[in-house]
Every structure is written in structure tokens, then in C-alpha cells.
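K.L.:
Put together the whole structure using the sequences plus the hints.
Residue numbers (my numbering), protein chains in the order written: chain A, 1 to 191; chain B, 1 to 191.
Simulated from the structure, these hints should not be mistaken for lab results. Just to be clear, a hint being listed does not mean it is correct.
As the list claims (entries may be wrong) - Selected chain A positions facing chain B (Cβ under 7 angstroms, derived; list incomplete): (1) D51; (2) L55; (3) R57; (4) W63; (5) A65; (6) T66; (7) T67; (8) P74; (9) H75; (10) T115; (11) V118.
To be verified - Non-contacting residues of chain B with respect to chain A, defined by C-beta distances greater than 10 angstroms in every case (computed): (12) P74; (13) E126; (14) P135; (15) N173.
Fair warning: this is a prediction, and the values are worked out from it, not measured in the lab. The C-beta atom is built at its ideal place from N, Cα and C for all residues, glycine as well.
Number of protein chains: 2
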Amino acid sequence: MTAGELTDGTDGTGGTDRTGGTGGTEDVCRPPADVPGSPPPPRSTAQRVRDTRELLRREIDCWVATTDPATGAPHLVPLSFDWDGRTMLLSTAERSVAGRGLASGGGVRIGLGATRDVVMVDGSVEVVPAAALEPSEGDRFARRTGFDPRRSSGSYLFFRVVPSRIQAWREENELRGRDVMLAGRWVVSEE
Amino acid sequence: MTAGELTDGTDGTGGTDRTGGTGGTEDVCRPPADVPGSPPPPRSTAQRVRDTRELLRREIDCWVATTDPATGAPHLVPLSFDWDGRTMLLSTAERSVAGRGLASGGGVRIGLGATRDVVMVDGSVEVVPAAALEPSEGDRFARRTGFDPRRSSGSYLFFRVVPSRIQAWREENELRGRDVMLAGRWVVSEE
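P.N.:
Take a look at the structure:
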């Protein structure tokens with residue numbers, strides 16, 4: 001199982017299940033069935049904050065969930081992003097479903113990493129027209145993602161996601177203390 | 001970049017960008033930066049249908065995007081699933097955000113695989129109380145996922161996702177022909 005069932009359960013009523021659970025794994029390429037049945041001990045909060053920041057620095061793609069403002073239907077698409085240490089910069093076509101959802105003010109939820117080593121970001125979204133983006137930021141985005149929306153033939157926008165809550169967990173034994181950022185603040189400061 | 005920007009772009013206006021793009025990779029564990037700059041040739045539709053079915057057979061976890069019926073906000077969580085060859089069986093806590101979203105009739109969008117080897121499933125959701133699930137189905141779900149919601153201490157429901165549209169793409173050269181299922185039918189039948 002993924003801790004998702006459990007964590008998600010806690011989202012609603014706190015009704016979690018402590019039974020079951022497969023071995024923890026950080027390797028999304030290796031099916032959980034291949035790993036031992038008992039997960040490693042839960043990471044400390046400070047370690048989770050470090051791991052989360054490292055993942056944000058290292059990863060190039062993320063899963064971006066939005067609500068289609070036209071229908072209210074859930075939307076999901078993988079997008080590349082840049083992390084400046086404080087915000088996630090995304091870009092997609094202005095009139096795409098994700099683009100309209102990101103611009104709608106309805107918020108965004110972003111998943112990073114593997115399903116057994118998850119970083120989940122809830123945040124607010126600021127629309128940034130390409131012309132309003134600092135050239136150095138646009139260059140950095142293009143270098144990191146291999147994609148320069150400023151040179152795109154379509155009509156692309158940038159979207160700056162300001163994280164308000166970030167959760168990080170691997171297996172069910174990491175459900176407790178999965179919040180690494182609350183109200184826009186890391187729960188453990190590295191500074 | 002992920003083809004997501006492009007594909008997502010086409011969701012809206014068809015305004016896609018043919019520049020950029022990193023090397024194709026099926027290995028989510030290997031950062032795109034490490035792979036050659038030119039993606040492999042696009043797969044045939046028949047191959048994509050085969051690959052998609054294999055991914056549904058092989059994968060245990062998926063990214064489940066729903067809309068929070070209480071707020072309209074996007075929700076995303078990794079959940080384990082079972083694939084019976086026709087539908088995806090999920091389970092989560094009845095009163096969790098995902099559980100309430102899945103039960104709301106607002107639909108679901110599910111992402112499978114890697115961000116550079118995506119299978120995206122749009123479908124309708126049927127709520128299946130644990131007592132109404134065929135015991136053999138529940139056993140199969142428990143075997144595959146390592147989690148048996150029927151024995152859970154919390155109040156869990158099963159959710160049967162009936163795919164209506166499935167898309168499969170790797171890099172931007174696979175945007176054309178990314179639909180492998182439309183209106184609930186594989187575009188290329190293997191039978």
C-alpha cells in the first residue's frame with residue numbers, strides 16, 4: 001500500500017490504519033513487492049525538511065493538480081519546474097486546462113518524487129507573464145527544464161507557486177510529523 | 001521539459017511548442033539531464049496500447065487527482081490500485097478528502113508511471129462498499145497492494161474507476177496520437 005491511503009485518511013477524519021504497509025522504498029523503479037516487509041524507521045523532522053529541500057532542488061518534473069474552472073473537474077499533468085529556494089516556477093499554455101486552472105485562483109496541489117517517497121505541496125499561484133519575469137529567472141528555468149516558454153510559438157505563461165503547506169512521507173510510519181511546512185514556514189529552520 | 005507543457009497546451013488551444021524537449025527516458029530514477037538530447041522515435045499506437053496495458057498490470061501506485069467537494073480545491077494523493085483488465089480499483093478512507101472527492105461524482109484523473117512516460121486516465125467512479133465487493137476482488141487487491149481495507153480499523157471504501165479516456169506519451173514527439181482509449185474503447189484492439 002502507499003501511505004497515501006493512510007495519510008489521506010487522516011486528511012478527513014484522522015481515521016488511519018496502522019496495519020498493512022509494504023516495505024519502505026525510495027526507489028520508484030523497484031516495485032514495493034521486492035523490498036523487505038518492514039519499512040526503515042521514520043526520519044526526523046529536520047531530516048525530512050532537508051530531504052524535501054533537496055528534492056525540490058534536484059527534481060525537474062512534478063505532478064500538477066488543478067481544478068478545471070470551466071467544469072470543476074480535477075485535472076492533472078506533469079510539468080517541469082524550477083525551485084528558487086522559496087517558490088516553484090511553472091509554465092504552461094495560457095489557455096490550457098492547467099493554465100486556466102492555475103490562473104483561476106483555485107489553488108494548486110503538486111506532487112513530487114516517488115509514490116513511496118512523496119513531497120506534496122499546497123500553495124497559492126501568482127500568474128507571471130513572460131515579459132514580467134526577470135530575464136535571469138527565465139534563463140534559469142530554460143536551463144533547468146530544457147524548455148524556454150519565452151521562445152515558444154504558443155501563448156505560454158509562467159506561474160509562481162508559493163507553498164503554504166508541504167508534506168513529506170514515505171511509508172505509514174512517517175504519517176506522524178509529515179508536515180514539513182505550515183502556513184508558509186518550514187517547521188524546522190535550517191537557517 | 002516534460003511533454004506535459006506541450007500536451008497540456010494542446011488541451012486548451014492546440015498551441016504546442018515543438019522546440020526544446022529533453023531526451024526520452026522510461027526510467028524515472030534517471031534525471032532527464034543524463035540522457036541524450038534527442039528522444040527515441042514515437043511509438044506506434046498499437047505499441048502504446050500494449051505499453052499502457054502493461055503499465056496498468058505492473059504498477060501498484062498511482063497519483064489520484066480529485067476535486068474537494070467542500071471547497072472545489074484540487075486534491076492529489078498517491079494511492080495503490082488493482083487493475084482487472086478493464087477498471088482500476090482504489091480504496092481510501094470514506095471521509096478523507098480523496099474519498100469524498102471520488103464519491104462526489106466529479107470524476108477523477110489518474111496519473112501513472114513516470115513524468116516522461118506518462119499514462120493519464122480520465123474516468124468515472126463507482127463507489128463500492130467493502131461488503132459489496134466480491135471477496136476474490138478484495139483478496140486480489142490486498143495481495144497486490146499489501147493493504148486490505150476490509151480489515152482496516154478506519155472506515156474505508158473501494159472505488160472502481162471506469163476509464164473513459166486514456167492518454168500515453170513520453171516526450172513531445174509522442175503528443176500526436178497520445179490517445180490510446182477514447183469513449184471507453186482502446187483505439188487499437190489487441191483482441
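K.L.:
Closer than 7 angstroms between Cβ atoms is the bar; does A:D51 clear it against chain B? Give me holds or violated.
P.N.:
Result: violated, 16 angstroms to nearest chain B Cβ.
K.L.:
So, as I understand it, the hint says A:V118 touches chain B; can you test that by seeing if any CB pair is closer than 7 angstroms?
P.N.:
6 angstroms, holds
K.L.:
Holds or violated: is the Cβ of A:L55 closer than 7 angstroms to a Cβ in chain B?
P.N.:
12 angstroms, violated
K.L.:
Hint check: is the beta carbon of A:W63 less than 7 angstroms from a beta carbon of chain B?
P.N.:
5 angstroms, holds
K.L.:
Over 10 angstroms from every CB of chain A: does B:E126 meet that, or does the non-interface label fail?
P.N.:
Nearest chain A Cβ is 17 angstroms from B:E126, so the label holds.
K.L.:
Take a quick look at B:N173 and tell me if its Cβ sits farther than 10 angstroms from every Cβ on chain A, holds or violated.
P.N.:
B:N173 clear of chain A: closest Cβ-Cβ about 14 angstroms, beyond 10 angstroms.
K.L.:
Please settle this one: B:P74 was flagged as non-interface, so is its CB more than 10 angstroms from every CB on chain A?
P.N.:
Non-interface label fails for B:P74: nearest chain A Cβ at 4 angstroms, not farther than 10 angstroms.
K.L.:
Minimum C-beta separation from B:P135 to chain A exceeding 10 angstroms: can you confirm that?
P.N.:
17 angstroms, holds
K.L.:
Taking 7 angstroms as the limit, does the beta-carbon of A:T66 come near enough to a beta-carbon in chain B?
P.N.:
5 angstroms, holds
K.L.:
Minimum Cβ distance from A:H75 to chain B below 7 angstroms?
P.N.:
6 angstroms, holds
K.L.:
Given A:A65 as an interface hint, is the shortest Cβ-Cβ distance to chain B below 7 angstroms?
P.N.:
Result: holds, 4 angstroms to nearest chain B Cβ.
K.L.:
Report holds or violated for the interface hint on A:T115, using the least CB-CB distance to chain B and a cut-off of 7 angstroms.
P.N.:
Check passed: Cβ of A:T115 comes within 4 angstroms of chain B, closer than 7 angstroms.
The structure fails to meet hints 1, 2, 3 and 12 from the earlier list, while all remaining hints are met.
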